[in-house]
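Asker: Now for the letters of each chain:
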Amino acid sequence: MRIIVCLKPVPDPKHWNKLKLDPQTRTLVRTGIPGTINPLDRNALEEALRVREALGGEVIVLSMAPPDAQPVLKEALARGADRAVLLSDRVFAGSDTLATAYVLSEAIRTLGDFDLVLCGDETIDGGTAQVSAQLAEFLGVPNLMHVSSVDARPDAPWLVRSQIEHGCMVVEVKPPMVLSVVKAINEPRYVTLMNILQAEGKELAIWSAQDVNLSEPWVGLAGSPTQMADLLTPERKGRAEMLPGSPANQARALADRLHRLGFC
Amino acid sequence: MDFKFSDREELLRKTARDYAEKELPPRMEAMEETGEFPVELLPSMGAMGILGVITAPQYGGIGMGQLARIIVLEELGRVCPAIPMALQVHHMCTYAIGTWGNDEQKAKYLPRLAKGETMGVVAVTEPSGGSDVAGLQTTAKLEGDNYILNGRKCFITNSHTGDIWVVIARTGEGGKGLSAFIVEKDYPGAKTGRKENKVGLRGANTGELAFTNCEVPKENLLGQEGMGMSIAIRDIVECGRPGMTAVALGILNAVCEQAVKFANERSLYGKSISKLQAIQWYLAEIYSDLEISRLLAYRVGWMLDEKIDCAAESALAKQYACEAAARSARKAIEIHGSYGIMKEYPVQRLLRDALVTIPAGGTAEISKLVLARQALAVFGQG
Amino acid sequence: MIDHVDSKVWVFVEQRHGHVAEVGLELVGKALELAGLLEWKVAAVLVGHQLGEITERVLSYGVDEVLVADDPLLAEYCNEPYVKAIEGAVRLWQPEALLLGATAMGTDLAPRLAARLRTGLSAHCIDLKITPDGQLLSAVPGWGGSVLAQISCPRTKPQCATVMPGVFAMPEPGDNRGRVIPIEVHLQPEDVTYRVVEVKREEAPKSGLQTAEIVVAGGWGVGTKADWGLVEDLAAALNAAVGATRPPVDEGWAHEKQMIGQSGITVRPKLYIGVGISGHMHHLVGIKKPELMVAINSDPNAAIFDHCDIGIVGDLKEVVPGLTRAIREHSEAVSKKTER
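Chains as they are written, first to last, in the numbering used here: chain A, 1 to 264; chain B, 265 to 646; chain C, 647 to 986.
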């Protein structure tokens, strides 16, 4: 069983209040904000470990990110992945979801046969929730999103539960496949200190564009069909009327206002 | 010189923080009320490797060093300082057995301690005092295959939660007449006494141990007869004081966070009090104390891992960080005004916790003696 | 004989087991508005099996064409046959734009379809515009929620977008004026790459959020699960529904169904009170035109104060219980008056 977990390093959401928009370049300044594994990708990795525990095999984590993402991949190794591949090349910069999915799919082909690719359902930064399905499309295998449980059976089609509005559907599907998971699927285990030590002996390969076969043009900003036409600051009402005074006075003033307006 | 943490150390910090933030907050109220250590956490702390962080891998530990231990304890202490207080003494027990124990002793006790089957205890202090190690009165007499222990130990951390005790007792006269023993709680004549009711670090259990003709098998002598004094002092210097420093670092982190949070949230005269210079001075002092304490603590961790003698540095770090924790907590309370002395706000607890760290592992005065000796030695001979 | 299809803007109108997702009709309304600017026609795309009644219903919303892919293999949703059915029609009739609802089905179908067509897709849009030269501009709450990105798809067609349910108003049905055009599908059983064994419906907890007149929502700033009770108490005093941003849901203080915003639900209350909510766009886009918007936050620089009408900076643990008490006093006074 070969399981690949696509994992995105994102700025730690605990530090998002420090994110600043550079008005000149219209990019986000993230200096000093540590990277971390995208939260749902942690669930994807945990599920990969559980499938490996059930059926044996290896878990490979795969990221397309700048070279400074290495500590994040080391964390993934400490969490239990067997090895990691970091796809890092300037030509990948600016890739939209289609280009990202294409490059990841070629990296997966380079790794060889696989049974399962796991992703988080969405990332907390971009949040497009598109890469897993597009990756499956490029790989030509079935995919399911919003996955909340996986029953990996050795000699039968797997049973996968996928959340839909007001419920879920349970499907039978045969590997290889791509699944993207929701938070409810599992509770990721803690990294142990022993895991941290063991991870230091694991392989973290860094691949450039030369290491994968990119025959199609869908790479980087130039190969991305979507473009950011503009960045708008959301409509603002302007500064609110601020209620002054002690907490008791503020509370009283607001309650009186709500009362006058008929809300209580 | 390299002041950058390695990827391993950063990951270690993150790991400890994840664990602390998830597991500790739900238990803190009960710890504060009952004064009990949450023993139900021992299996998971064992599995995480927190309990065996400085224990060798062949005895079920992780085999990391003191710097790693300081980082882990600091992160636990940032959320709940009582936890690293208890753990640091547990580590002292593993350090004593791991350093001076023979293979049989290590194989018998260290895996249990690393796994979290029970906690470890180090018992030096007696009702007559703790710092005067040479004046200890608990006796141990060899009779046949057993040492017979008589005496009392007090202010012992983990007294009621730990089953494996490293006890210093007198086998002869003077400073050379002290020996260390591994005593199991179930040995005939061993008993736990009263539980103390501390003002701070309440979730770390503290109490008395009593020995009445307690029979300790002679193979439980740690090291040789007469090594008790050196074991006790080295355990304190190489493990206890760095551990207490880490507890203080945890408190300082929490103090800093609480002070900044309140200063940002509280507004006076229509603006946040964090804009007031009087408040900023407090914040600057608290932050400086945190940063200075960190530098001192990590240096000690590094020196210990490099096997460089650091008795003076260890005393300095411990004394500075614990005092800094107390005075910073005091300042954080000032920033909070009347809220600072309300139980709903953590700063009052942090001050109580900080006060308890000061005498633990050697009073400030003892640390100053060590530092004075160092100053006289380094600068005394022109 | 292959029909000719004129429509340039297509809307995938999702149905599952005969139940039409409202967002599909909301999008029909918006598509008619956008296409009208360029005098383009609009088609609804229906995929499934035995869709007669639904076809009629969709026609009543004013579309020019309804493209119907009807096949037994499409009876139960599976992305591969759905992609194949739509892909064939797109290649044949080459629409300029294709819109889908950001539902469980839409968010699964759209990316796979867009990748098959090697075209661009913008996700979870909260607004759509069209330029005179036919470029679709999608507003997507961006990075960290502090900005709105305008996404375009200048080089490939169709320009695809998924749109959050509830952001566009539900149109009124009128007279049928469109025509029905079948999509020819050539499916084999092996195209159904997974077999649906079971569809379970869960009774959704009745948060009543979507229809609530008053919504009290809490965010990360509430602090702990215990303090989440303060939000619920305030909501109880106001007879309001309780909403949440993502962190309280992730922390387990609130239920997933209570999440308001880009990846949650859209609310249209008269009064909204945000407690400990910093004001990222991801959340704010889920609040449609409240008459009064109030924010309570300990951080005076919280972005939400730029979006609300009344703001209180203060410690939630004091302000919120105080507010709850004061509101209860008013309500009690009112009910006493009514008793007399």
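The hints are simulated quantities; they were obtained by calculation from the structure and are not laboratory data. Just to be clear, a hint being listed does not mean it is correct.
[Unchecked claim] Selected chain C positions facing chain B (Cβ under 10 Å, derived; list incomplete):
(1) 734
(2) 740
(3) 834
(4) 838
(5) 842
(6) 846
(7) 870
(8) 871
(9) 875
(10) 947
(11) 955
(12) 975
(13) 979
[What the hints assert, rightly or not] Just so you have them, the derived chain A footprint on chain C, three or more residues with Cβ under 8 Å:
(14) 668-682
(15) 698-707
(16) 713-721
(17) 799-808
Built from N, CA and C at the ideal position, the CB exists for glycine as well.
Asker: Look at each hint and say if it fits the structure.
Answerer: How the hints compare with the structure:
1. 734: violated, 49 Å
2. 740: This hint is violated: residue 740 of chain C lies away from chain B, its Cβ roughly 51 Å from the closest one there, beyond 10 Å.
3. 834: Since chain B brings no Cβ nearer than about 49 Å to residue 834 of chain C, farther than 10 Å, the hint is violated.
4. 838: This hint is violated: residue 838 of chain C lies away from chain B, its Cβ roughly 42 Å from the closest one there, beyond 10 Å.
5. 842: Violated, because the Cβ-Cβ distance from residue 842 of chain C to chain B comes to roughly 37 Å (cut-off 10 Å).
6. 846: violated, 30 Å
7. 870: At about 7 Å, which falls below the 10 Å cut-off, the nearest Cβ of chain B leaves the hint on residue 870 of chain C intact, so it holds.
8. 871: holds, 8 Å
9. 875: With Cβ-Cβ at 14 Å, over 10 Å, it is violated.
10. 947: holds, 9 Å
11. 955: Not OK, violated: residue 955 of chain C not within 10 Å of chain B, min 19 Å.
12. 975: violated, 23 Å
13. 979: Since the shortest Cβ distance to chain B is 29 Å, the answer is violated.
14. 668-682: violated (count 0)
15. 698-707: With 0 residues close enough to chain A, the hint is violated.
16. 713-721: violated (count 0)
17. 799-808: holds (count 4)
Hints 1, 2, 3, 4, 5, 6, 9, 11, 12, 13, 14, 15 and 16 from the earlier list are contradicted by this structure; the remaining hints agree with it.
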